[in-house]
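Trainee: Read off the chains here:
Protein chains: 2
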Amino acid sequence: MSEDIKKEEVTEETQASETEEKEQTEAASEETTEKTELEAALEKAEDFENKFLRAHAEMQNIQRRANEERQQLQKYRSQDLAKAILPSLDNLERALAVEGLSDDVKKGLEMVQESLNQALKEEGVEEVAVESFDHNLHMAVQTLPADDEHPADSIAEVFQKGYKLHDRLLRPAMVVVYN
Amino acid sequence: MSEDIKKEEVTEETQASETEEKEQTEAASEETTEKTELEAALEKAEDFENKFLRAHAEMQNIQRRANEERQQLQKYRSQDLAKAILPSLDNLERALAVEGLSDDVKKGLEMVQESLNQALKEEGVEEVAVESFDHNLHMAVQTLPADDEHPADSIAEVFQKGYKLHDRLLRPAMVVVYN
Numbered sequence: 001m002s003e004d005i006k007k008e009e010v011t012e013e014t015q016a017s018e019t020e021e022k023e024q025t026e027a028a029s030e031e032t033t034e035k036t037e038l039e040a041a042l043e044k045a046e047d048f049e050n051k052f053l054r055a056h057a058e059m060q061n062i063q064r065r066a067n068e069e070r071q072q073l074q075k076y077r078s079q080d081l082a083k084a085i086l087p088s089l090d091n092l093e094r095a096l097a098v099e100g101l102s103d104d105v106k107k108g109l110e111m112v113q114e115s116l117n118q119a120l121k122e123e124g125v126e127e128v129a130v131e132s133f134d135h136n137l138h139m140a141v142q143t144l145p146a147d148d149e150h151p152a153d154s155i156a157e158v159f160q161k162g163y164k165l166h167d168r169l170l171r172p173a174m175v176v177v178y179n
Numbered sequence: 001m002s003e004d005i006k007k008e009e010v011t012e013e014t015q016a017s018e019t020e021e022k023e024q025t026e027a028a029s030e031e032t033t034e035k036t037e038l039e040a041a042l043e044k045a046e047d048f049e050n051k052f053l054r055a056h057a058e059m060q061n062i063q064r065r066a067n068e069e070r071q072q073l074q075k076y077r078s079q080d081l082a083k084a085i086l087p088s089l090d091n092l093e094r095a096l097a098v099e100g101l102s103d104d105v106k107k108g109l110e111m112v113q114e115s116l117n118q119a120l121k122e123e124g125v126e127e128v129a130v131e132s133f134d135h136n137l138h139m140a141v142q143t144l145p146a147d148d149e150h151p152a153d154s155i156a157e158v159f160q161k162g163y164k165l166h167d168r169l170l171r172p173a174m175v176v177v178y179n
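Order-wise, the sequence lines are chains R and P.
Per the UniProt record's numbering, the first sequence runs over residues 1 to 179.
Per the UniProt record's numbering, the second sequence runs over residues 1 to 179.
Wrong hints could be hidden among the right ones.
[What the hints assert, rightly or not] Straight-line Cα separation of at most 30 Å, DSS-like style, residue types lysine-lysine; simulated pairs:
#: 1; chain 1: P; residue 1: 51; chain 2: R; residue 2: 83
#: 2; chain 1: P; residue 1: 75; chain 2: R; residue 2: 83
#: 3; chain 1: P; residue 1: 51; chain 2: P; residue 2: 35
#: 4; chain 1: P; residue 1: 35; chain 2: R; residue 2: 44
#: 5; chain 1: R; residue 1: 107; chain 2: P; residue 2: 161
#: 6; chain 1: R; residue 1: 161; chain 2: P; residue 2: 35
#: 7; chain 1: P; residue 1: 35; chain 2: R; residue 2: 51
#: 8; chain 1: P; residue 1: 164; chain 2: R; residue 2: 107
#: 9; chain 1: R; residue 1: 164; chain 2: P; residue 2: 75
#: 10; chain 1: R; residue 1: 121; chain 2: P; residue 2: 106
#: 11; chain 1: R; residue 1: 107; chain 2: P; residue 2: 75
[Said to hold, decoys possible] Chain P stretches covered by chain R per the calculated footprint, using a threshold of three residues with CB under 8 Å from any CB of chain R:
#: 12; stretch: 36 to 44
#: 13; stretch: 53 to 60
#: 14; stretch: 73 to 86
#: 15; stretch: 97 to 109
#: 16; stretch: 119 to 131
[Claimed, not checked] Cβ-to-Cβ under 8 Å is the rule here; a few derived chain P residues that face chain R:
#: 17; residue: 68
#: 18; residue: 70
#: 19; residue: 91
#: 20; residue: 115
#: 21; residue: 116
#: 22; residue: 152
#: 23; residue: 153
#: 24; residue: 155
In case anyone wonders, no lab produced these hints; they're calculated from the structure.
For every residue, glycine included, the Cβ atom is placed at its ideal position computed from N, Cα and C.
Only chain R is shown next, with the shape it has when bound in the complex (with noise of 0.2 Å):
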């Protein structure tokens, strides 16, 4: 009987040692579990603040490059049509060149001339200077020899007037020179 007794016991240690291994294993694999969740957490937390950071230096960008673009857009917008009158004002000064106009309509053409050349200047649009030949704003229709009172790259004669609207160029003059 008491042999019995004392084999239960030795059961029920046996046994509660072994419900007490299992408790501290499933313990365990739930701390992995907690962790593993949290990292995940962390992870997705940084993810989406690096995204959210790179979003918001996109968006910064954008609204740089738009603001940059309106300047230029504004800055240039008469282009077109600043070139387009350009053909006018060059037939002005040829009918201006006609000889005997009557004052009226010297007055008259010379009126239309100021006029125009007011709003292009308004508009930034200045005639091309031709001081010296640069081959950046003319282009040589024909050249004379150059010699002492004419050095190389002195302008003989503008048969065209050039332009440009602010640092761009329209168009450019057209010129002899001596070279």
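Since chain R is already given, all that's left is putting chain P on it; use the hints.
Mentor: Only chain P this time, still in chain R's reference frame:
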């Protein structure tokens, strides 16, 4: 400048949430700490996900608005120069109305007029129609009593042409109107 400020804000927010996390961790028992850390991390992830989504949406809005603005700028880019050219057209018309012009001069003036009109047309500038009085497009500088042959709102004379750029009025036509 605004970039720096926004970045600082972001950093501050991040620091604030980190401090919060730390405080919560210190105050709680270990088991609760695990949970709180996870919760905080998940919250942070959600927070940045929302911030990212908002920044992304805002980015698209900025891009859309910039495109719209660019289109508007392009459409009306010639407005100022075109407006400034209109007096030249008036002067040309007056010069052409002078009697006794030689054929050369007349031809010259007409060429200038034509090329100016062509340049303006290419940029979307059109004369305002003067079929019937429209207070949005015309300015009545004089009125005449309407009768059977001249119903109210019919136009007797155009003193000065009006012009519009696409749908935008550059200047109204000055008219004499029956009423």
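Trainee: Now tell me, hint by hint, if it's right for this structure.
Mentor: Outcome of the hint check:
1. P:51 / R:83: violated (48 Å)
2. P:75 / R:83: holds (17 Å)
3. P:51 / P:35: OK: residue 51 (chain P) and residue 35 (chain P) at ~24 Å, within 30 Å.
4. P:35 / R:44: Holds, at roughly 17 Å.
5. R:107 / P:161: The hint holds at about 22 Å.
6. R:161 / P:35: violated (81 Å)
7. P:35 / R:51: holds (26 Å)
8. P:164 / R:107: Satisfied, since the Cα-Cα distance of roughly 28 Å is no more than 30 Å.
9. R:164 / P:75: Roughly 22 Å between the alpha carbons, so the hint for residue 164 (chain R) and residue 75 (chain P) holds.
10. R:121 / P:106: With Cα atoms ~27 Å apart, residue 121 (chain R) and residue 106 (chain P) stay inside 30 Å; holds.
11. R:107 / P:75: It is violated: about 35 Å lies between the C-alpha atoms, which goes past 30 Å.
12. 36 to 44: n = 5 at 8 Å, threshold three: holds.
13. 53 to 60: holds (count 4)
14. 73 to 86: Our answer is that it holds, as 9 residues pass the Cβ test (under 8 Å) against chain R, meeting three.
15. 97 to 109: holds (count 8)
16. 119 to 131: Satisfied; 4 residues make the cut.
17. 68: violated (11 Å)
18. 70: holds (7 Å)
19. 91: At about 5 Å, which falls below the 8 Å cut-off, the nearest Cβ of chain R leaves the hint on residue 91 (chain P) intact, so it holds.
20. 115: holds (5 Å)
21. 116: The hint holds - residue 116 (chain P) has a Cβ within 8 Å of chain R, the shortest such distance being about 5 Å.
22. 152: This interface hint is violated because 37 Å lies over the 8 Å limit.
23. 153: The hint is violated - residue 153 (chain P) has no Cβ within 8 Å of chain R, the shortest such distance being about 33 Å.
24. 155: violated (27 Å)
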